[in-house]
Amino acid sequence: MNIHEYQAKKILSEYGIKIPKGIIAYTPNEAKSAAEKLSKTGPWMLKAQIQSSARDKGYFIEKDRGEGGGIRLIKSKKKILENAKQMLGATLVTIQTGPQGKKVNRIYVENYIKVEKYFYMSVAINRVKGELTLMVAPLLYADIIKVALSHPERILKIPLSIAQNTKPEQVKEVMDFLKLPPRSAKHLENLVNGIHKVFLQTDASMIEINPVGLLKNGELVALDSKMSIDDNALYRQVKIACLKDESESSEREVNASKYKFTYREFDGSVGCIVNGDGIALAAMDMLKEKSIGTACFINVKGGVDKDKIASGIKIIMTNPRVEGILLNILGGFVRCNLIADGIVAAASEVGLNVPMVIRFEGTNKDIAKEILENSRLPVIWADSMEESVEKLAKAMEEVS
Amino acid sequence: MSIFVDKNTKAICQGITGTQASFHIQRSLEYGTKIVGGTTPGKGGSMHLNLPVFDTVKEAVKETQATASVMYVPPKAVKVAAREAIEAELDVVVSITDRVPLKDMLEIKAMLKGSKTKFIGPNTPGIITPKEARLGIFPENIHKKGNIGVVSRSSTLTYEGVLEVNRADMGQSTVVGLGDDVLIGIDFIDALKAFHDDENTKAIVMIGQLGGGFEEVAADWYKNITNKKPVIAFVAGNAMHFGHKMGYAGDVLTNGYVSVLDKADILSSAGMIVVDNVNDIHLELAKFK
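Chains as they are written, first to last, in the working numbering: chain A, 1 to 400; chain B, 1 to 289.
Chain A with its partners taken away, still in its complex shape (with noise of 0.2 Å):
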């Protein structure tokens, strides 16, 4: 689960992270008075607050949105309101948003804080190694993932341990990596221990501080942040769960998470209804071979009941992109009983109005396809994936 920035924010200032003072507000007048009670003469920073990385070099659909993109510098108290109003309630678009954007339901008012040079800070977890990574890297405006890719080496890597603070030679480190002045050592400390400590104890599986600002006297302020909390972990972070942002989901995804199914949707034609997340990528790579494109999976893994079942498939037959169900279930400890079970349920619900094509394998699979010929909906049979994938191929030719 991500969480927004000033949220992100609020927390590690909590840790005693240094950020800028901000208000977070709902309409223009909100962001009017947040921004007098923040400061007498500015300026301020404005913040659409959507989950996406390079929100200031966004743009919004709607026509009439000002200048600047979803991240503004506002010098005049008099351009607040104004910017408020064009930036609430419209659809910004980023690298990471895809071409529909996503809508701004509120704004961050922070003060404009003048640094003397920027970094990258964050932790994450590297999977080869099985431990906590802290990673800095000196920022000349470039992209930190473009600085991963073309020159890993200007990236500072360092393990971090998961019972004890981050060592103090650890921070010297990162001092003389990032070259930062002495007056900065203090804070620096401070800076390192509490996103290690954040991380921990929020159960983060990422957390960025993109950029840390250093100020003139030395101490560092946490300017943008990104953080995303493991879900598996969240019974045990009820505070943070609550934080969820129902709308940077699709109405769809917001389902299927209640039946604790996974559920991503993509821009083609196809929807998969699979038991595991490799099966989704294979069926996604067969799919692309004949350059069809997947609209939609499903993973009904650890589905035992029907009706849940029943429901998720009704996600897939509901999804008005869907033009062709490709259905590939290799039951272990799913049974394919359960599952035929539930297409049937959702069927004579929703109705089946698209070619379907089935494949079963393993636990149950016998009594599965008795229940489907049984039910006389439409179904295509299929012995492998590869097979499941040319019938549909076929049978969305013909109704096409």
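What the hints contain is simulated information worked out from the structure, not anything from laboratory work.
Be aware that a few hints might be false.
Stated by the list, open to error - Think about it this way: if two alpha-carbon atoms lie no more than 30 Å apart in a straight line, the pair counts; the simulated DSSO-like pairs of lysine-lysine are:
no.: 1; chain 1: A; residue 1: K244; chain 2: A; residue 2: K197
no.: 2; chain 1: B; residue 1: K223; chain 2: A; residue 2: K157
no.: 3; chain 1: B; residue 1: K76; chain 2: A; residue 2: K306
no.: 4; chain 1: B; residue 1: K287; chain 2: A; residue 2: K391
no.: 5; chain 1: B; residue 1: K109; chain 2: A; residue 2: K172
no.: 6; chain 1: B; residue 1: K228; chain 2: A; residue 2: K129
no.: 7; chain 1: B; residue 1: K76; chain 2: A; residue 2: K226
no.: 8; chain 1: A; residue 1: K308; chain 2: B; residue 2: K76
no.: 9; chain 1: A; residue 1: K369; chain 2: B; residue 2: K145
no.: 10; chain 1: B; residue 1: K287; chain 2: A; residue 2: K290
no.: 11; chain 1: B; residue 1: K79; chain 2: A; residue 2: K308
no.: 12; chain 1: B; residue 1: K228; chain 2: A; residue 2: K239
no.: 13; chain 1: A; residue 1: K167; chain 2: B; residue 2: K116
no.: 14; chain 1: A; residue 1: K157; chain 2: B; residue 2: K109
no.: 15; chain 1: A; residue 1: K391; chain 2: B; residue 2: K144
no.: 16; chain 1: B; residue 1: K145; chain 2: A; residue 2: K129
no.: 17; chain 1: B; residue 1: K109; chain 2: A; residue 2: K129
no.: 18; chain 1: A; residue 1: K157; chain 2: B; residue 2: K79
no.: 19; chain 1: A; residue 1: K157; chain 2: B; residue 2: K113
This structure is a prediction, so every number in the text was calculated from the model and none was measured.
Place chain B on chain A using the hints.
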């Protein structure tokens, strides 16, 4: 011969009295697996599925001389169960549970450093040596005895790999699912090493996927060994744009950007046979009959 488990492996089940555990342990017993007991805290001294139940792994090991465990416990309980199993110095521990918190896995990874326990999973279908031992949730009827090793990160693609071996009219020495999660216990290198040490394994099917760097480090290991056994590899996720929610965001930063095509290139330049379509595996396997 096989890797990690065979007909002589004595195993216990942690969380044996649960519904899913009972269903799968019963099937494993019918398959011939030497399950010798189980644990459920608070139910020690009772019998379940005609097997003795203990409160702790330590007691169970003392009484039964088990060397392996399969855990069917809720996500919250995995860390504690893993600690018990690792402290009891079991050789093999299989964790079926999915949705284990990342931080708990970080702690388990730390416990495993310097320990002899091979921790398989979490979020894995487990390990199966056909006709000998099944620790997990595999649909046992698809497996055939033979000399192809199968190792995969994705659960469902593990089954797909097994079916490909069957299609080539061959069978499996051992099949091991590494697990689908961000953090896993043993990795490709552990499995490949064991398959190389196993006389009965003639060739290996390895199924990787987008994200993580597990395939790349395995390629590096494979490149540098002599007496290579043939490895037929497939990497899923080519159709997925990187940066989509499927990937783990930290991957790019910790490992550098590696697309599925890059991964496939790295595997093939290390000497593995890489197929673009999972259903082409059997064609390559047939060449090693």
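Do the hints match the structure? See the list:
1. A:K244 / A:K197: 22 Å, holds
2. B:K223 / A:K157: 26 Å, holds
3. B:K76 / A:K306: Roughly 25 Å separates the two Cα atoms, so the pair holds.
4. B:K287 / A:K391: At roughly 28 Å apart (the allowed maximum being 30 Å), A:K391 and B:K287 satisfy the hint.
5. B:K109 / A:K172: 27 Å, holds
6. B:K228 / A:K129: 25 Å, holds
7. B:K76 / A:K226: Holds, at about 26 Å.
8. A:K308 / B:K76: OK: A:K308 and B:K76 at ~23 Å, within 30 Å.
9. A:K369 / B:K145: 27 Å, holds
10. B:K287 / A:K290: The hint holds at about 27 Å.
11. B:K79 / A:K308: 28 Å, holds
12. B:K228 / A:K239: 53 Å, violated
13. A:K167 / B:K116: Holds - the C-alpha atoms of B:K116 and A:K167 are around 28 Å apart, at most 30 Å.
14. A:K157 / B:K109: 19 Å, holds
15. A:K391 / B:K144: Judged against 30 Å, a Cα distance of about 28 Å means the pair holds.
16. B:K145 / A:K129: 34 Å, violated
17. B:K109 / A:K129: Within the cut-off at roughly 9 Å; holds.
18. A:K157 / B:K79: 27 Å, holds
19. A:K157 / B:K113: 20 Å, holds
The structure fails hints 12 and 16 (numbered hints given earlier, in ascending order).
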